[in-house]
Each structure stands twice: as C-alpha cells, then as structure tokens.
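Protein chains: 6
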Amino acid sequence: MDSQIMHKAEVLIEALPYIQRFNRKIIVVKYGGSAMVDGQLKKNVVKDVVLLKLVGFKPIIVHGGGKEISSWVKKVGMEPQFVNGFRVTDEPTMEIAEMVLNRVNKNLVQMVQELGVKAVGISGKDGGLLNVEKKLPDGQDIGYVGNVKHVSPKLLYDLLEKDFLPIVCPIGYDDSFRTYNINADDAACAIAKAVNAEKLAFLTDVEGVYRDFEDKSTLISELTLNEAERFVAQGMAGGGMIPKLQSCVDALKQGVSRVHILDGRIPHCLLLEIFTNKGIGTAILNSEEERYFYEG
Amino acid sequence: MDSQIMHKAEVLIEALPYIQRFNRKIIVVKYGGSAMVDGQLKKNVVKDVVLLKLVGFKPIIVHGGGKEISSWVKKVGMEPQFVNGFRVTDEPTMEIAEMVLNRVNKNLVQMVQELGVKAVGISGKDGGLLNVEKKLPDGQDIGYVGNVKHVSPKLLYDLLEKDFLPIVCPIGYDDSFRTYNINADDAACAIAKAVNAEKLAFLTDVEGVYRDFEDKSTLISELTLNEAERFVAQGMAGGGMIPKLQSCVDALKQGVSRVHILDGRIPHCLLLEIFTNKGIGTAILNSEEERYFYEG
Amino acid sequence: MDSQIMHKAEVLIEALPYIQRFNRKIIVVKYGGSAMVDGQLKKNVVKDVVLLKLVGFKPIIVHGGGKEISSWVKKVGMEPQFVNGFRVTDEPTMEIAEMVLNRVNKNLVQMVQELGVKAVGISGKDGGLLNVEKKLPDGQDIGYVGNVKHVSPKLLYDLLEKDFLPIVCPIGYDDSFRTYNINADDAACAIAKAVNAEKLAFLTDVEGVYRDFEDKSTLISELTLNEAERFVAQGMAGGGMIPKLQSCVDALKQGVSRVHILDGRIPHCLLLEIFTNKGIGTAILNSEEERYFYEG
Amino acid sequence: MDSQIMHKAEVLIEALPYIQRFNRKIIVVKYGGSAMVDGQLKKNVVKDVVLLKLVGFKPIIVHGGGKEISSWVKKVGMEPQFVNGFRVTDEPTMEIAEMVLNRVNKNLVQMVQELGVKAVGISGKDGGLLNVEKKLPDGQDIGYVGNVKHVSPKLLYDLLEKDFLPIVCPIGYDDSFRTYNINADDAACAIAKAVNAEKLAFLTDVEGVYRDFEDKSTLISELTLNEAERFVAQGMAGGGMIPKLQSCVDALKQGVSRVHILDGRIPHCLLLEIFTNKGIGTAILNSEEERYFYEG
Amino acid sequence: MDSQIMHKAEVLIEALPYIQRFNRKIIVVKYGGSAMVDGQLKKNVVKDVVLLKLVGFKPIIVHGGGKEISSWVKKVGMEPQFVNGFRVTDEPTMEIAEMVLNRVNKNLVQMVQELGVKAVGISGKDGGLLNVEKKLPDGQDIGYVGNVKHVSPKLLYDLLEKDFLPIVCPIGYDDSFRTYNINADDAACAIAKAVNAEKLAFLTDVEGVYRDFEDKSTLISELTLNEAERFVAQGMAGGGMIPKLQSCVDALKQGVSRVHILDGRIPHCLLLEIFTNKGIGTAILNSEEERYFYEG
Amino acid sequence: MDSQIMHKAEVLIEALPYIQRFNRKIIVVKYGGSAMVDGQLKKNVVKDVVLLKLVGFKPIIVHGGGKEISSWVKKVGMEPQFVNGFRVTDEPTMEIAEMVLNRVNKNLVQMVQELGVKAVGISGKDGGLLNVEKKLPDGQDIGYVGNVKHVSPKLLYDLLEKDFLPIVCPIGYDDSFRTYNINADDAACAIAKAVNAEKLAFLTDVEGVYRDFEDKSTLISELTLNEAERFVAQGMAGGGMIPKLQSCVDALKQGVSRVHILDGRIPHCLLLEIFTNKGIGTAILNSEEERYFYEG
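Protein chains in written order, with our numbering: chain H, 1 to 296; chain F, 1 to 296; chain B, 1 to 296; chain A, 1 to 296; chain V, 1 to 296; chain D, 1 to 296.
Don't take each hint at face value.
Here are some chain B residues pointing at chain F (derived, C-beta under 7 Å) [what the hints assert, rightly or not]:
| hint | residue |
| --- | --- |
| 1 | Leu16 |
| 2 | Ile19 |
| 3 | Leu51 |
| 4 | Val55 |
| 5 | Gly85 |
Here are the simulated SDA-like pairs of lysine to any residue, each with C-alpha atoms no more than 25 Å apart in a straight line [said to hold, decoys possible]:
| hint | chain 1 | residue 1 | chain 2 | residue 2 |
| --- | --- | --- | --- | --- |
| 6 | H | Lys43 | D | Glu10 |
| 7 | H | Lys42 | F | Glu68 |
| 8 | D | Lys162 | A | Glu161 |
| 9 | H | Lys74 | F | Pro80 |
| 10 | B | Lys74 | A | Lys216 |
| 11 | F | Lys134 | F | Val83 |
| 12 | H | Lys74 | F | Val83 |
| 13 | F | Lys74 | H | Met94 |
| 14 | H | Lys75 | F | Glu68 |
| 15 | H | Lys118 | F | Glu95 |
| 16 | D | Lys162 | H | Arg21 |
| 17 | F | Lys149 | F | Ser176 |
| 18 | A | Lys25 | V | Glu161 |
| 19 | A | Lys216 | A | Leu41 |
| 20 | D | Lys118 | V | Glu133 |
| 21 | F | Lys253 | F | Arg230 |
| 22 | F | Lys75 | F | Ile142 |
| 23 | A | Lys134 | A | Asp250 |
| 24 | V | Lys67 | D | Arg178 |
| 25 | B | Lys74 | A | Lys118 |
| 26 | B | Lys67 | B | Pro92 |
| 27 | B | Lys118 | A | Lys216 |
| 28 | A | Lys42 | A | Pro92 |
| 29 | B | Lys43 | B | Met111 |
| 30 | H | Lys75 | F | Ser70 |
Source of the hints: derived by calculation from the structure; they are not laboratory data. Idealized CB from N, CA, C, for every residue including glycine.
Just chain H, with the same shape it has in the complex (with noise of 0.2 Å):
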C-alpha cells in the first residue's frame, strides 16, 4: 500500500470531527469577490459547497454580482454612478440588475445541479423571503437601494427539508411592492440570523482582519465579539472591513454562534476552514470559551 493512499485515508478521517460538529447544522456561505469571477475558483467553491452539503450539513448560498451589474450598465450606454460605496440605483439600473442577478443566480444552480446536488434559485421576493425598506445612507436618497427590515424563512426551511440547496440572490420588495437591490453582506446577514445558522462564512477579497492593516503580517485568526466591537468601535481594521465587522458583530448578537471572513482568493478556503484544525482567515466566536473548545 503505497503512502500517498494511506495519506488520503488520513485526510478523510481528520475531517470527522467537523462532520459531527456540524452535522445537520445550516452553513450560511456568502459568495462574492474575486471568487466570482475566476472560472476555477468559481468551480472550487461550488463543489466546496456541494460536499458541504453531501456529508450533512445544510448550506444556503447568498451571492452577489456587482462587477457583472456594471459591465450591463455600460453595455446598454448608461454610466455606473456610486455614492458611500452603494450603487446609485435609479430604475433601469434596478432593471438591470434584476435580470443580471437572476442570471448569476439560474447559473449557479447549473453548476451545483451538474455536481449531482438538487438546487433551488431564488430571490428575495420568492415567499416573500426579504422585506425591505430604503437605504438612506448619511440621509441621502440613492435610489432603489434597500435595508432587510424582516425575513420570512419558510422558503427556506421547506427547501431545506425537501433536500434543496438555495441559492439566494439579494432582491426584495418593500410594503408597497417595490423592488430594491440589497448588499449581498446585509442579505447573508439577515438570512443567518433568521435561521439560526450555526455559521456564517464571508468569501471576501483580504486575507482576514489584520490588527494593523498596514502591516500583513497582523492578521487575525481569533477575535471574540468583544474585540470585533472595540474594532469596529475605533474604526480598526481598514475601512472596507468596518461594515463588515458590523455585519459579524450583529450576526453574532443575534444568535449566529461564528462568523468567518475568508480569503476567497485561496481554492477551497471554504473546505479548508471548515475540515482542518488550522482554519484559515479571521474567525470571530462568541465568547472565550468557544475558542478554547476549538483549539482542544
């Protein structure tokens, strides 16, 4: 029996323990970044997924699409305008992106579906899932932007229970039905905290949370929520991560038990932080405790 066979076996065994830790546990995966857009890498984190999903554990999938969004905006001659970072979305940008998301999202069902794993693609609007309101970001009105102001899960529970995989793209509509485009961040987010997911895993652009982003070689691999709000708090950690640590901070209040900000730029950094007992990028946990119980 050669060595390289016996180091397979190995590998699958170490995994154990994941597996029965999350066992039947809902995993919620924002997709996004660069991760997005790499063919292979793209590859990488649907067949991650998929495996979740085959060895027990119940993921849902919430993507963006942003680079895509602009790239039809200039296609029909308008012009992408940003304000704060959100997109100035007048209505046939939101038209635009609609259709573009939804694209994304039948697409990603494709990929999953030809892994031999059953998907659904919705939207927030399917069930009702995600009502929303307007954005005011400083106040001002950035057009068809929205806030998750409540989810109705049930969509996602009956898809759950009849073996799917949902895979949700970030539109909703507000109490006059209108319909708003919402931070796939804030969508991953609100959808976590609905089902009490077990955790919630950001496939970002950045190694993780460095404790001085000037300095590489600070990254994070453990803060507990206290740290996280002491970042957030004094504007720590670069600019781009604040928002998102505001996201994990109010995931973890809300009964998510762990939040990760992963690399997505690393093949499998979602198989690798999840089945290793290295993990990889910047973990952000509840309490002491927790990390103890993950370093034993």
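Starting from the structure of chain H, add chains F, B, A, V and D where the hints point.
Only chains F, B, A, V and D this time, still in chain H's reference frame:
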C-alpha cells in the same frame, strides 16, 4: 335586500360544482401574448390564478416573454432574427433571454405575493426540472433553442405540497449542461403531462379554433381528440394554430384530461372558462363522453 | 363577451380577499328558526355552508329543532310546556327530543352529502363532546335541560382534520350520564369558544339588533363588545335578543373573533355576510380597530 | 396467597394467545335480539366490547332496534306490518325508524363513554357509508327497505385511526338520496366485508346452528364454508337461520376470516367466545385448516 | 353454560378498569432474585410482562444476574468478594460480569420472542443509555461498580415507539468510556425516573415491607412517601430493605407515580398486583389522595 | 497557503462522487480476522465505519469473535474442537460463545459511541432477526452451529430510521427456540441480502482473490459474477476462499450490488476502497457494465 346583492350570492353558488370538480387538481396555465403586455389584463390573469389557488385548485403558471426579449436584444444593438417562427438564439441572445425571462418571472412572483398568496419563481434549471435537447426545425441549427426531453417534476410537487404557487420560466439545460431557451407552449405542455394536470389552458391572442379560419363565425367551442388530430393532419385551423393544436393532442394523449385555448384578451377569461357553464374559447377533450358530462 | 358573464367574473374576484381572510379558519354556524322550516331556505343554507367548506373554510353546523320536537310531543298525545321560554323536559319529552333532533341531524348530513361534501352528524354525546349540568332558570327545575359545563373538542378536530363537515345536535350528558337537551344557541356558543372559532354566526328570524327595537329603521350593522354589554345591562334590544347578545358577549370574551346575528329568512344570508363588503345583519366585534379593518 | 386470586392470574394468562391473535384486528359485532332488550345483558355486551377495544382489538358495533321501532309505530296509532319477515316501511314508518334507531345508537355511545372509551355513533348516511337500493323480496315493493349496494368505509377507518369505537345504525340512502332502513344483519355483513374484518359475530337469540333444528342436542360448534353452503342449499337449520347463514357464507367468501353465531342471552358470550379455548355458539370458517389451528 | 366459564368472563371484566388506567403507560419491572433462578417462576414473570405489553402497557424490564456471575467467577478459579454487600469488581470480574449479564439478557429476549412479542435486549452502553461514575461506598474503592450519573432515554423511547419490549442489562460506561457494573435496583430506578414511568415494580425475595420486620404479621400493603422516608430515617424495615426503600423514595420524588415491592416467589405476582383490587406486596405512593383512589 | 493543506482539500473533493453514489445506501461490513485482534486496526475500522455513517451512508456491522471464544473455552478447561473448519459446539461451548460474542458486541458499541455516533448492539435473537436451522456439514452433527433460514430485518430498519448504527453478533434461534452460533460470513451475507445492501464488504486476512493463489502477483481487482461462479466451480482461488466466494455469488444473485473482499490488515482499507478511484482488494460485480461505470 336589493337584487344586486342577491345576484352575487347566485353567482357564487353557481361556481360550486366547478370548485368541487377541480378541488386539489393541478391546472397548468400557459401565460403569454397580449395578456402579458397589457397592464390591466396582466393584473386580471394574476387575480384569476390567485383565486383558483385560494379555492383549492393547484395552479402552475408557465410564461413566455418574447416581446421583452426582442426589445432588450435591440437595446444592446443586435437584431432579433427568426427562422420558421423560431428565434435564432446565439450565445449573446441566450444570455439576454435568460436575464429577461427570469426578471419577468420574478415580476409575476411579486404580483402574486402582493395578492397574499405565496409564490416561487423557478426556471427549468431549478431542481433539474426541464432537461432539453437541441431543436432542429427542418434540420436547421438555430442555436440554443431546445425541445423538452425529460421533466423531473419533484420540485413542482414539493412546492405544491408546501402550498406555494410555482411560476416557471421556460429555460433548461441539456445533458452537457448548456443553457437553452424553450418555446413556452412546449414547456407548458411537457409540464402538464409530467404532473398529470387535470387541465392545461393556453392564453392566446385568438378567440379559439375556427372551423374555417377565414370566417370568424365558425369558432368551435369543443373539439374531440379525434377531430383535433384531423385538423392537424389536414392543416386546417390556420398556420399559427397548427403547432398549438399538435401540443394539445400530445398532452391529451399523455394523460391531461382537457386542454383549453382561451382568448387572453378577454378580461378574466380563465375564471369564466372554469366557473361558468358556457365556457369560452375552444376546449379539446379526450372523448365524446366527456363532452356530455360537461353539457349535462 | 356579454356583460352578464363579465359581471360573474367580477363577483368572484370580489370574494377573493374574504376567501383569503378566512382560509382554514373555523366558522361555527348556529342553524335554526325559519331557515330550518322553509324547504328552499334550508337548501340555501346547506349550499352556503358547502361552498364555505369547498373554498377552504372549516364550518361546523350546530342546529336546533324546537318546532319538530313540539309537533312530535303532540303526536303522542302530550302537551309541550314552557317556563321562561325553556321547554319543560320530563323523561318522555327528552326521549322524543333526542329522537327528533338526531333525525334532523342525519337529514342535514344527507343534504350536505348530496352536494358532494362529506359530513358526519354527531350529538354532544359522541366522543364526550358536551358535558352538561342541569339548568335551573330562576332556581326552577324544568327537567332535562342542561347548561354546557365542559366541551371536549377532540372529535371535532379529528373530523375537520379528516376533511368532514361536522353537524352537531345539542344533546349531552351530565357527570352521572343522564341525557339532557341543550339550547342550540348555548351549544353553538360553547363549541365556538372551545375551538377558538374565527366567526360564530347565528341564523335568526330577525333582521339583527335594533337600537330601538320598536323602530325597524334603527338596525345596527356593527356593535363593539362594550356596546353589546351595555345593551345587555340596560335590557335594550328586545326581550328575545338579550340572552343571544349575552351569548355573543361571552363568546367574544373567550376568544371568538367576531359574532354575527343574521336574518335567516334572507336567502344566502351567510354567503352575503361573508363574501360582500357590505355585510348584512349585525356584527359584534371585539374592538374599534377590528371595525376599521372591515370597513377599509 | 389464596387459590382464588391465583386462579385469576391463570384466567388472564389463558387469554394471552387470543389477545395476540386478534391484536389490531377489526371485529364487527352485530348487536341485536334479547341482548338489546334486557338491561343487564346490554351492560354485559357493552363491557365486552369495551374490553376488546382496550386490549388492542378494533371493534365496530352494528345494531338493530326492531322492537323499539314497533313500539313507537304503535304509540302514534299505526300498526306494524310485515311481509316475509320484512317490515313494510312506508314514509311515516321510515321517519319513526330513523328517529328510534338513532336514539338507540346514541344510547349505546353513552354506555361506552361511561366505561371510559371514546365512541362515535354514526348512521349509514354519515360520510356516505352505506349506499343502498330498494329491496324487492319476491318482487314485492315493501317501501323503504334497502339492500346495501356499496360501502364507503373511509369514515370507519378514520374513526378507528383516531381511536374511537364506531357504532353504526343501519340506515342509508339510495342514489336519489332517499332514506332506507337496512336489515342490521345485512349491514353488519356488508361492513365486515368492506373493512376486511378478521371476525364477524352475530349476537342472536338461539344457541347456534343445529344439525337438526328440532333436536337441541345437535348444536354444531364449527362449520366449514362448504358445509354452511350445503345447509343453505338444502334449507336445513331452521327458517330464521337460513338468511343469516347465507350472510355468513357471503362474508366468508369476500374476505372475512371467521363468522360466529352466538347466543346473546348468555352473559359475556362475546368474551367467552374470543378468550377461551372452547368457544360457544357456532363458528363458520373458511377451511379445514383453520379448524385445526383453532383446535391445536 | 357452566359456572367455571362464566367465572372466566368475570375475571376478565374485573381487569377492565386497570387496563384502562395504565393504557399506554410505561411500567419498569426490576427483575431479580428467586424469580430469576426458578425455571417456572421465570416463565411466569415473562408471561406476565408479555400480557402487560399485549393489553396496551409499555413495560421495560431491567434485570440483574448476581448468582450467575458468582458461579462463573468461580468457574475460572477466582473467588467472589463483597464489601458492604457490593461485589468487589476488578477487571477480570467485570469482564465476566459483562459476558454473563448479556447472555442472561439475550435469554430473556428469546423467552419473550417465543411468546410472540418482539423484544430487544440492550445494555446501558447501547445508545449511551446509562452514563455512570465510580461508586465509593463509605469512601472505599471496590473497582468497576458504578452509580448512574445520567440516563439518555432516546433508545428506549425509539424501541417503545417501534413496538419492541426493551430488556436492559445494568452495565454502562463512565466519561472515560470505562465499563462499570451497576446495581440493578439503581438502574431500574434511574430508568423509571428518566422515562417518567407510571409504575416501578421490584420483584424481590421478601413479602414486602414489615412494620416490625421481626414480626411477619406486620406486612404493610401501602406506605405514603412520608412514611417511607420516616422508615428510612429511622432504619426501620430491616437491613436489606433500607436501600431499596431509599430508591423508592427517590423515584417517587422525581415523578414516578407509584412504586411496588413485590414478592417474586409468588407466581404471577406482577399480574395480580396490577389486575386485582387487593394488590399484593407493599405499594409506596405519593400521597394520601392516591391511596383513596385505589381503595375507592 | 502551504501545499500540504491544499492537498487535504483535494482529497476531500476527490471523495465527493463516492459520497454521492452511496448516499443513504446500506453497506454491510463483515468485521473479523486480524482487524479484530490488533488494537490499532480495530480503532481504524471503527473510525472508518463512523465516518461512513456521518457522511450519509447506512452501515451495519456484523462481527465474529472466534479467537476470543477459543481462549475462553480453554480458560474453563475445555478443548476447542473443529470439523471441516467448523467449531464443534456442544451446549457448554454455545454458552461461552454467546457470552463472549455479546461482550465483543458491546465493546464495539462502546467504541462507536466514544466517537460520537449512536450505536446499538444486537444479536440475531433480538426482534427475531436471525431464524436458523442446524448446519450438517457433510451430514455430520457438530452441535449448535446454524445456517440462516430466514431474516426478519424490521429491527435493522427501525434502528437505521432512528439513526443508530446497528452492530450484529451472529447468534440466533431455531423454530424450537434453541440457541445456535452462526458463521459470521454467512450472517453478514444473509443480512446484506435481506436489506438489499448496496455493498457487502468482508474484512479478511488475505489481500483478495488471486488468479493463481500460489502466485501473489496474480491478485484480481475485479471479478464479474460469472467469473466468480467459474472460480467456485473449478475450485480455484485457494481453499479458504471458496466458501467466501460462494457467499459473494449468492449475495450478488439476490440483489446486493457489489461485494468486496478486503485486506483487513491494511489500515483504513474500508475507507480507501470506498473513497478512492483505485480501490483495493477484490470486487465482485454483477456485470460487465457495472465495471465500466466504475472505471469511467
């Protein structure tokens, strides 16, 4: 008690035997044509289907969206092309078609939800619903236009069981997981057969089938399967109607009990056909016996 | 399309929000008075209830039968006697009452079955539904006339779950297993409370409640619980109406959402009350808010 | 330990194999004759059936009530008439029969409930249980006397599933929804066949079947189906017994495993037949093999 | 009908209220002492429990096997040792104990199966049923003798739901997954508490509890919880009985309704206790009220 | 990201199609030979089976224990005897065998539970799982050694449904309820057939089947059913292997899809066989087609 209110009671009571007959039966509605363009007609169709759902039927909507596709094809500077009435669908066209149809789909979901009924919009990709193969009309390759090869109705049954109204957009993939557009009539027909629908109703832009399609006074209200087959064989009933009649014949032969060709331009045509003893449009039935039942 | 048929569609569509509001809700109908004597009215009531069942409501009928009891009492040479409006019920009278009411009960079952809906006729003895104690109006012993002491609704829930329409005749036994007759209004009220009915409708021989019961122009279409209590306290609304109003007040206080006093002499009064936005008769509601909802 | 108590244990242990054999099996008991008239016998029968229910059997009672009907017919000044042993049943007689039988029915329900077991009394009208057609003995029209044409056992199965003891009174309607009286033996037999009863027991006023019905010493304790058919063909066994034997033969041929003709005048005859290895009355079995099983 | 057979019916009828009272209730039987050694007594106990199962109770057997263990310990040349009545259990002894008890267990399974009832033999290891910790009587280490620390009753509930009779042998493991022997009384008591048993019956080698254990005429048939506690506190009732009484007190305090100390040397003592109104042995009850219920 | 961790992800991803293929399929593992003796190998086997359970398979373990039986037989001063490779099993030997095998059984339960998976240890007596008849090799009576005559798999299905891992020890009883020892290979084979296992894997002490069993270089990795039958008929493949091959042939003919002969001396052989595309040991398949599927 004024007579107007009394009349209301009578109308409701008149509907009783029809509600009874179709209670918990599946009805597939092919939604297309003018009824998708005119705002008021659209609202009426959605109201009709919602009513069917609420009184105990199990409706499934299958919709098209040809006009919107053409409009978007032009918007990005391309020119829609047709061969034998089929849209030539190269890759960029297919991409636009998928975006547009999915947006139409979610728009219908939203309208149904607004009336208080839970809906889920899916494409033929979700749960592997529609498996297709390339269509080659007269041997010609017209790109990503597919015939339905196989239907996997599990997702539809699951959604119906969980009390959702499924709304299907006619896009699927082939055995190599390439995306195809499907004629909505074909998709509706294939789905109706796969779920053993009690009824399949086409909303069209004609009054129904004419014995002599030059003479509008020859509208036929009921055709048997045999008569319909003779019409197809003899090329009667007008060009556009032949493939539709062929679909009806196929559906009836594979277990659908009754097919209707309705004039979608008439407000609430669906409701009127089902709940009144006159019916409108043309019904195609399996046998003479069936006809007498309806007349009795 | 002639306007008469179009009108039918409109009536059906108008019913939509009401069907929605009461979908799968329990509605207890106290059936009595003229509507039980006149053959045509009887058929109408049965048709109304059958329609409610078919469109998704869960109706329960509770019926009386006083006139038929009196007629049979006379047939065997006895004389019906009343004290304060209650029938003096000695053993022979009780025997006749039980025979007559059960036959009325099965006759209603038969009429419902004839319309294609499954019904089961039960008395308060079946499954121990109605546990009673002797009624002593003003301290007087009038024989086997009982008050409902306890309701065991399991059988009703079981029949509803199995999709039957339960029809209840108001006879029960006391803790010593002696048979008692129960006032049908009381029985309906007790059952409505025990199953948390959404609605309790009394079919009576009056138009409703009058502000001044000498003046028929003062018919009240809606009363709040508070107003109804004041009416009872002040003895307003006419003699026969006081105990019925008291029943309504009790029912509302114990969880029934809305009580109706309908004029059973109007054909389809039940349907009209439920499916039209005017309503007929008098509704007693829990609060001001509820009223606005209905009017809105 | 005194020997009397020890004896009790032995009796219980002796019952063990019989409890085992009939566990969760349906047993239809035709209840009639003296056992319905004598107060003490009545209590015994009810206790027996309740015990069967409690130890895991699924009993269904079908009862008659001929004597009470005749008594009430006379009470209103009419004269009971019979043709060939069948009551001539005009409309007034039918009305009385329905009243009387339903009261008998609810009285039995009450007795069962008093012993702590849940019972529901139904007639053949409830849930459309018994569909009948006019009986024409020797071509004679004797009014509303019916043969069972079809049994819809759903309600019986639903009640058994919900752990109720069903008690059936033998009245049904024909295809035109006219009410008919049914011979209780016929009704019991039809129901036993429809539910594939393991056992059908007739409580009668004779000891059983005699080989020579003039000679009481010739009581037969077991008959095969073949022998029973010969008895019927040859008119042996005494006049009143022939139609009952014919019923037994029919029941056995259509799936009932074993039919018993018991002497209802013996206290607890039902219990003794089922729980002791001697048996009482006459058993009619499907085959020789079955006999050996019982004897072994 | 001879009087002997009639008597049988009476005995069965007498059992009726007891069957009713314990229908679907869990009864834990601690089986040990002489009743495990004498072949005929053994058969009687198994028959009794099988009868309880068949008439609707849910019995669970917990058994010992001390004598057989000692006999095997000697067979391999070792000498059984006891401290304070507890077996000193070194590793070789534990190994033998586990072998012997599991064989006793499967032998009981076989006897139950032979009577036609499905049984499953489990130890406290299966499904993690019994979690233990080392017992240190008076601080002494006597080896692998454990106290029950925690019961995980899921497997018991699953087996009962699937209609099996569970038979438990009192072996479990501690938090370090080391095997321990458990006193069968303790195990029965812990299990009865964990499943909220209606009744816990100990089969012993004494007649019951004596008020003065020197004087056999002072057998007590019923003790309240308070009285039992006083007996324990004052060391009354004889040496061997004190720990058993303590167990009874614990069980009653944690939800078991009634505990019995029966004389296992009396044939069918279990059946007699449950099905006759005298009872045998000593019952310990929660309160005075309970006593009157039983006497009434 | 270091390459070692990346490699882990790849191994997990490689397992994906195998997890998919066997998801919710039953796999019977015959556990015996060296893998039961060596402590480390034992732990590996248990870990492998636990992993299979956790990723969605439904494993059933059937184990032997011959060496431990012999050791205990000697311990009590007897001498193990064999005829044609079968243990001569008189009553004292049978008693020891039952004790030893049940202890081995509970020891396995404990090891599985320690890894966090719920297990239940049963013998062929529990729930009447294995019904046997005396084995008479070449007509010789060798005592209590049985062949499996009938399998009642209900208990196995119940335990799998409730999510337990069943561990079976090969002891059963015959129609007279006498205890028999069963060859573990035979028991595994009979169980695999009775539950329609997808796979049956034998852990043995050889590398697999050799074309020429003198020449270790002729190990066969796949055999068709036909080839295996020829091997048996021609007595090829070495003495000890013939009966095992015969078992494989029987199992395949009765619905098991694939049988494996694995070398239990290789750590994690089970995992490697299932999760890698090389496989180890010898697989026997139903047809040529099956082989191509695996190779493709």
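Hint-by-hint comparison with the structure:
1. Leu16: holds (5 Å)
2. Ile19: holds (5 Å)
3. Leu51: holds (5 Å)
4. Val55: holds (4 Å)
5. Gly85: Because about 29 Å separates B:Gly85 from the closest Cβ in chain F, which is outside the 7 Å limit, the hint is violated.
6. H:Lys43 with D:Glu10: holds (13 Å)
7. H:Lys42 with F:Glu68: At roughly 30 Å apart (the allowed maximum being 25 Å), F:Glu68 and H:Lys42 break the hint.
8. D:Lys162 with A:Glu161: Holds. D:Lys162 to A:Glu161 sits at ~24 Å (cutoff 25 Å).
9. H:Lys74 with F:Pro80: holds (21 Å)
10. B:Lys74 with A:Lys216: violated (49 Å)
11. F:Lys134 with F:Val83: holds (15 Å)
12. H:Lys74 with F:Val83: violated (31 Å)
13. F:Lys74 with H:Met94: holds (19 Å)
14. H:Lys75 with F:Glu68: Cα-Cα ~17 Å, so holds.
15. H:Lys118 with F:Glu95: The hint holds at about 23 Å.
16. D:Lys162 with H:Arg21: Between D:Lys162 and H:Arg21 the Cα gap is close to 19 Å, so the pair holds against 25 Å.
17. F:Lys149 with F:Ser176: Judged against 25 Å, a Cα distance of about 13 Å means the pair holds.
18. A:Lys25 with V:Glu161: holds (19 Å)
19. A:Lys216 with A:Leu41: holds (23 Å)
20. D:Lys118 with V:Glu133: holds (20 Å)
21. F:Lys253 with F:Arg230: holds (14 Å)
22. F:Lys75 with F:Ile142: The given pair, whose Cα atoms are some 21 Å apart, holds under the 25 Å limit.
23. A:Lys134 with A:Asp250: OK: A:Lys134 and A:Asp250 at ~20 Å, within 25 Å.
24. V:Lys67 with D:Arg178: Holds, because 23 Å separates the two Cα atoms, which is no more than 25 Å.
25. B:Lys74 with A:Lys118: Violated: B:Lys74 and A:Lys118 sit about 35 Å apart, past 25 Å.
26. B:Lys67 with B:Pro92: holds (17 Å)
27. B:Lys118 with A:Lys216: Not OK: B:Lys118 and A:Lys216 at ~49 Å, beyond 25 Å, violated.
28. A:Lys42 with A:Pro92: violated (29 Å)
29. B:Lys43 with B:Met111: Holds, because 8 Å separates the two Cα atoms, which is no more than 25 Å.
30. H:Lys75 with F:Ser70: Holds, at about 16 Å.
Hint compliance for this structure: hints 5, 7, 10, 12, 25, 27, 28 are not met, and every other hint is.
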